[in-house]
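Chains as they are written, first to last, in the working numbering: chain A, 2 to 259; chain B, 327 to 583.
It is possible that some hints are incorrect.
As the list claims (entries may be wrong) - Lysine to aspartate or glutamate pairs mimicking EDC-like chemistry, simulated, CA-CA at most 20 Å apart:
hint: 1; chain 1: B; residue 1: 420; chain 2: A; residue 2: 18
hint: 2; chain 1: B; residue 1: 389; chain 2: B; residue 2: 543
hint: 3; chain 1: B; residue 1: 405; chain 2: A; residue 2: 6
hint: 4; chain 1: B; residue 1: 530; chain 2: B; residue 2: 503
hint: 5; chain 1: B; residue 1: 401; chain 2: A; residue 2: 6
Unchecked claim - Reference excerpt, derived from the structure (chain B facing chain A, CB under 7 Å, subset only):
hint: 6; residue: 380
hint: 7; residue: 403
hint: 8; residue: 408
hint: 9; residue: 414
hint: 10; residue: 415
hint: 11; residue: 427
hint: 12; residue: 432
hint: 13; residue: 433
None of these hints come from the bench; they were simulated from the model.
Note that this is a predicted model, so its numbers are computed, not measured.
Every residue gets a Cβ at the ideal spot worked out from N, C-alpha and C, and that includes glycine.
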Amino acid sequence: MTSYEQWISFYTIVRKDVVRMLRIWPQTFLPAIVTSALYFLVFGAFMGSRIGTIEGVPYIMFIVPGLVMMQAVMNSYTNVAFVMFQSKFFNRNIDEILVSPTPPWVLIAGFVAGGVLRGVVTALLVLLVALVFTPLAIFNGFIIALFLILASVIFALGGLTNGVFAKSMDAINIVPTFVLQPLVYLGGVFYSAKTLPGIWGEVTMIDPIFYLVNGFRYGFIGKSDVSVWLAIGVLCALAALLFAVVLYLLRTGLGLRQ
Amino acid sequence: MELALDIQNLQKKYADGTPALQGVSLQVPKGDFYALLGPNGAGKTTLIGIATGLVNKTGGSFKIDGIDFDAHPEKARRKVGVVPQNLNVDFFGKVIDIVVNQGGYYGIPRSVALPRAEALLTAVGLSDKRTTQARQLSGGMQRRLMIARALIHEPDLLFLDEPTAGVDIEMRRSMWDYLKTLTARGVTILLTTHYLEEAEQLAKHVAIINKGTIVADGTMDEILARYDEAQQQHKGYRGSRLEEVFLQLTREPEKPS
Ligand SMILES: Nc1ncnc2c1ncn2[C@@H]1O[C@H](COP(=O)(O)OP(=O)(O)OP(=O)(O)O)[C@@H](O)[C@H]1O
Ligand SMILES: [Mg+2]
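Chain A with its partners taken away, still in its complex shape (with noise of 0.2 Å):
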């Protein structure tokens, strides 16, 4: 294919994708709204008053960029994992984009750019939720969007494989339940790192999520954990090793060609 040809096959991927998702919008875009407006609620208004100041911010300020990091996370993943499950699983259909000439490449860009487009408008909702509550400190316009970019990209690459690999519908719903969430409650999304005692503040150290927030966080607050750059280095490896992982299952077949 010419890479025009490449483009109008990856345009196409993602345009389906956007108009399902429009399409549900209550099922896409609505709880993400729903939950972190309530978070917010929660645990920003009513506890952060309690609470007071984390490093020196207000509590709910503290825990907005988690928040909004959380649902990127989530939704660029579910969004991939299930889309490709669907489509692999139910109604076969992955066969249209299979026959065609579409290198694999290019199909990992399309289903990537479509949970990455998923993932930054329901973190750019939630942001906007959270304007409701307190007004939003930005240290660095940059640092937020390049962290929210790679939360997306690498969570949509977390979600393809898993799509890729899963035999049933169980297997799409038991990694967002048994491994998201405990990785996104335990980076970090409600407490600074330096708080935790003993060997729970090394275990976060090895927790993608904790890169993300403290990266994201920085952008707002202007204060991190870790070094903002050892953070993006750590993470633009593991979408490089990602999307090794996924072009080689699609190179080989595996799990979508018998």
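Given chain A, put chain B with the ligands in place with the hints provided.
Chain B with the ligands in isolation, oriented as in the chain A frame:
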């Protein structure tokens, strides 16, 4: 003779050990209407799956319009369209979107694909359903949608895996008329069907596959000439000549007692 499809010694063993194809060779001339016939589980869908790049072969090779599939997969894929045996459309997609998007995967921009899709939907009698969701179509309509989808990139070789299953008589006839206009334009069609009278009427060449091996192939006349009244064993129902030849070639041999 130029070949639209040239399969050499194709083999497929599924992961669970099922030997679906055991050294199949098949030559489909350009512009032909070719029928691949065989009982359930003979390996027809597997063969089509491999030729369209959806199933990985375990041995052998094949060329599409002279292009080796392994060496130039992208070039070969462009030439091929497929109507699969099982429905594989996005149930919630709109009819027109499904056809236009398929063009997109071949690199055809929407501005080009849209008018083509409209024309194809008209040809298969679905133009009034263009904005209906696929799940709301009847079974026969879904099959016709898959035909329109398979043609959006104007393939030279079209695989039809039981395209008329569940299609009513009137629609089936108009479908065959339409498919004949395609072969008249030079499109090669490889078809599987269990309606042998259909194959007898339409196909120039036939191959009969049984348990993963080709047991007979040739022109329709050659195959029909193998009809042997003496072997005629069915007392009750009698089908067409092709049906009887088919049964003689694929029937389990009677076990000596
Ligand atoms: N995904 C699969 N995994 C394992 N075995 C398979 C798979 N698909 C098909 N088979 C086996 O391969 C053999 C050939 O199947 P295939 O679907 O190609 O037959 P067919 O000729 O298309 O039959 P039908 O007329 O019923 O459609 C059968 O024994 C079948 O059980
Ligand atoms: Mg079949």
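Hint check results:
1. 420(B) <-> 18(A): Given that 20 Å is the threshold and the Cα spacing comes to 13 Å, the pair holds.
2. 389(B) <-> 543(B): 19 Å, holds
3. 405(B) <-> 6(A): Given that 20 Å is the threshold and the Cα spacing comes to 16 Å, the pair holds.
4. 530(B) <-> 503(B): 15 Å, holds
5. 401(B) <-> 6(A): Roughly 13 Å between the alpha carbons, so the hint for residue 401(B) and residue 6(A) holds.
6. 380: Interface hint status for residue 380(B): holds (6 Å vs cutoff 7 Å).
7. 403: Nearest chain A Cβ about 4 Å off; hint holds.
8. 408: It holds, given that the least Cβ distance between residue 408(B) and chain A is near 6 Å, below 7 Å.
9. 414: 4 Å, holds
10. 415: Status holds, d = 6 Å.
11. 427: 5 Å, holds
12. 432: 5 Å, holds
13. 433: 2 Å, holds
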